[in-house]
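Enquirer: In order, the protein sequences belong to chains X and L. Going by UniProt numbering, the first sequence opens with residue 1, and the numbers climb by one from there. Going by UniProt numbering, the second sequence opens with residue 1, and the numbers climb by one from there.
Just so you know, the hints here were simulated from the structure itself, not pulled from any lab data. Warning: the hint list may mix true and false statements.
Chain X is faced by these chain L residues, among others (derived, beta-carbon under 10 Å) [stated by the list, open to error]:
#, residue
1, Ala19
2, Ser40
3, Ala70
4, Ala85
5, Thr92
6, Ser121
7, Gly193
Cβ coordinates follow ideal geometry from the N, Cα and C atoms, glycine included.
There are 2 protein chains.
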Amino acid sequence: MSEDDLIALFAPRLPVTDAEVLGSGDDAAVVSVDGDLVVSTDMAVQDHDFRMEWSTGADVGWRVAMQNLADIDAMGAVPTALEVALAMPRDTEVEWVLSFADGLREACEPHGVGVVGGDLSGAAQIVVAVTALGETHGTDPVTRADAAPGDVIAVAGPLGAAAAGLAQLEQGTRVAPAAIDLFLRPQPRIGAGLEAALHGATAMMDLSDGLARDGARIARASEVRLAVESALVPVHEAASFTAQTMGVDALAWALGGGEDHHMVACFPRESAVPAGWVIVGVVEDGSGLTVDGAAPTVSGWDHFA
Amino acid sequence: MSEDDLIALFAPRLPVTDAEVLGSGDDAAVVSVDGDLVVSTDMAVQDHDFRMEWSTGADVGWRVAMQNLADIDAMGAVPTALEVALAMPRDTEVEWVLSFADGLREACEPHGVGVVGGDLSGAAQIVVAVTALGETHGTDPVTRADAAPGDVIAVAGPLGAAAAGLAQLEQGTRVAPAAIDLFLRPQPRIGAGLEAALHGATAMMDLSDGLARDGARIARASEVRLAVESALVPVHEAASFTAQTMGVDALAWALGGGEDHHMVACFPRESAVPAGWVIVGVVEDGSGLTVDGAAPTVSGWDHFA
Numbered sequence: 001m002s003e004d005d006l007i008a009l010f011a012p013r014l015p016v017t018d019a020e021v022l023g024s025g026d027d028a029a030v031v032s033v034d035g036d037l038v039v040s041t042d043m044a045v046q047d048h049d050f051r052m053e054w055s056t057g058a059d060v061g062w063r064v065a066m067q068n069l070a071d072i073d074a075m076g077a078v079p080t081a082l083e084v085a086l087a088m089p090r091d092t093e094v095e096w097v098l099s100f101a102d103g104l105r106e107a108c109e110p111h112g113v114g115v116v117g118g119d120l121s122g123a124a125q126i127v128v129a130v131t132a133l134g135e136t137h138g139t140d141p142v143t144r145a146d147a148a149p150g151d152v153i154a155v156a157g158p159l160g161a162a163a164a165g166l167a168q169l170e171q172g173t174r175v176a177p178a179a180i181d182l183f184l185r186p187q188p189r190i191g192a193g194l195e196a197a198l199h200g201a202t203a204m205m206d207l208s209d210g211l212a213r214d215g216a217r218i219a220r221a222s223e224v225r226l227a228v229e230s231a232l233v234p235v236h237e238a239a240s241f242t243a244q245t246m247g248v249d250a251l252a253w254a255l256g257g258g259e260d261h262h263m264v265a266c267f268p269r270e271s272a273v274p275a276g277w278v279i280v281g282v283v284e285d286g287s288g289l290t291v292d293g294a295a296p297t298v299s300g301w302d303h304f305a
Numbered sequence: 001m002s003e004d005d006l007i008a009l010f011a012p013r014l015p016v017t018d019a020e021v022l023g024s025g026d027d028a029a030v031v032s033v034d035g036d037l038v039v040s041t042d043m044a045v046q047d048h049d050f051r052m053e054w055s056t057g058a059d060v061g062w063r064v065a066m067q068n069l070a071d072i073d074a075m076g077a078v079p080t081a082l083e084v085a086l087a088m089p090r091d092t093e094v095e096w097v098l099s100f101a102d103g104l105r106e107a108c109e110p111h112g113v114g115v116v117g118g119d120l121s122g123a124a125q126i127v128v129a130v131t132a133l134g135e136t137h138g139t140d141p142v143t144r145a146d147a148a149p150g151d152v153i154a155v156a157g158p159l160g161a162a163a164a165g166l167a168q169l170e171q172g173t174r175v176a177p178a179a180i181d182l183f184l185r186p187q188p189r190i191g192a193g194l195e196a197a198l199h200g201a202t203a204m205m206d207l208s209d210g211l212a213r214d215g216a217r218i219a220r221a222s223e224v225r226l227a228v229e230s231a232l233v234p235v236h237e238a239a240s241f242t243a244q245t246m247g248v249d250a251l252a253w254a255l256g257g258g259e260d261h262h263m264v265a266c267f268p269r270e271s272a273v274p275a276g277w278v279i280v281g282v283v284e285d286g287s288g289l290t291v292d293g294a295a296p297t298v299s300g301w302d303h304f305a
């Protein structure tokens, strides 16, 4: 099948956006932007970030779209459009490619986000690079750098499900399918980031490498200490159930597991934390991230390194 | 070397832009945009689009940047920023990666374009995906779709050099190094596209697949015929010299060779064509592209298919 033929099948399945002034088919797309542009890029590489035996094309499309939407949301901005570059072996099934488009659409359509352009190419393995575009809506971008002592730390959703899903896939068990689904198709609540920005969040990011490591990134950027209390960390019930069945500690997944993509943010006071967010600790003078007052022991989530 | 260590070496070599409000290091970058955003994505894949034995890292960085800048210029827009995704094998030399950054900078810096963000990942081969961002400056984007009968067709630079360079590399000869250099580092005049837009260009694109095929794309999008006169087509002197030495027809390279990345545009009348552009034909009622009144014979540039 020629590239033109493939594009003719692929393009109609892609999500569209009201922000599109001119879509694909020319040298470049044109997108209307209100205010500053927020832009982020994330790749997904076969055998590095996904496995063909675990993920459908739609799962890969969903995940790479959602990771990028979460990055825009994590700035307190509103995603509008994606550019999608897809390199793949010549023998990649057309059905896989169309399923990939479906996953992009399923992730993007509820948020009014469209794929406005991209590129297709050959490669030895599937490599996807997505660039997400967004715009701020009345707030400054929320970086990682402005958390201050006295702030509270909160997360926008329960943690550990993606790690529990990965553990099941790696062990070939299926005790909590909901966790597997959340590993294959992360479900951060897109819009939580804008909500946090409107509530005065001082620092924010989405959790792609786990609360312990990502929280330490906020601590470093803001030159503060993030003091997390383990008893406050919301553990996803599918992670708890999986951990119980496997005889492991679900908290290790909640603190150390990546890929949940929920927002973690700091707020200047408890009363600023939006409904539905869970406070997990406080910001203090100092550096790094502590759990119950101590440096987190590596053992709990070392296997996610 | 860790990803953080690599980024610490890589990032300072990248070009910067005045449009950057917030650079890399957070979930997303923030770029100021004046008016509509013009966005384009192009990939370069090892062994598909470049070979390690022919191209340095800087050559690859230059080429993928320049392809993307040309796409933005081809809309009559001004490029401002790039997002760069780079996937590579673990054993890729750090020097290659830093050289790649140097090539990005060398291509971008003269145009005030910066790399504002991106992603690094592992892969079986080097895969680069670049998304270029730009903005219109007082003109509407120039698409491929508005050429009209009576327009003249013009190109912004001499053609065939990249094809002549590729031919030399494939044959292991080096009769015209300037052509090899232009294949490895295409030199479209960035800004020619904006110039054409300001002169009222009706349709435009950059020549990545050769005048014959790219011109046919304008013909299809505009529902007209592009009638090219071969005697008018400017052949790059390094292509002429290479062709003479090899005993082949330089015109085939000028019409059929890709990768020159010069602009081709249609203008409503001869007097609208900017200085330095060369008129190569006229737009007529009909469809497709003709050379000297006939469909171009495939034989001349079949080997570029």
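Enquirer: Decide, hint by hint, whether the structure agrees.
Expert: How the hints compare with the structure:
1. Taken as an interface hint, alanine 19 (chain L) checks out: its beta carbon lies about 9 Å from the nearest beta carbon of chain X, inside 10 Å.
2. With its C-beta approaching chain X no nearer than about 4 Å, serine 40 (chain L) sits inside the 10 Å limit, and its interface hint holds.
3. Taking 10 Å as the C-beta cut-off, the interface hint given for alanine 70 (chain L) holds, the closest approach to chain X being about 8 Å.
4. Taking 10 Å as the C-beta cut-off, the interface hint given for alanine 85 (chain L) holds, the closest approach to chain X being about 4 Å.
5. Given the 10 Å rule on beta carbons, the hint for threonine 92 (chain L) is violated: about 14 Å separates it from the nearest Cβ of chain X.
6. Interface restraint check for serine 121 (chain L): the shortest CB-CB distance to chain X comes to about 4 Å, inside 10 Å, so the restraint holds.
7. Hint status for glycine 193 (chain L): holds, given a least beta-carbon distance of 9 Å to chain X, under 10 Å.
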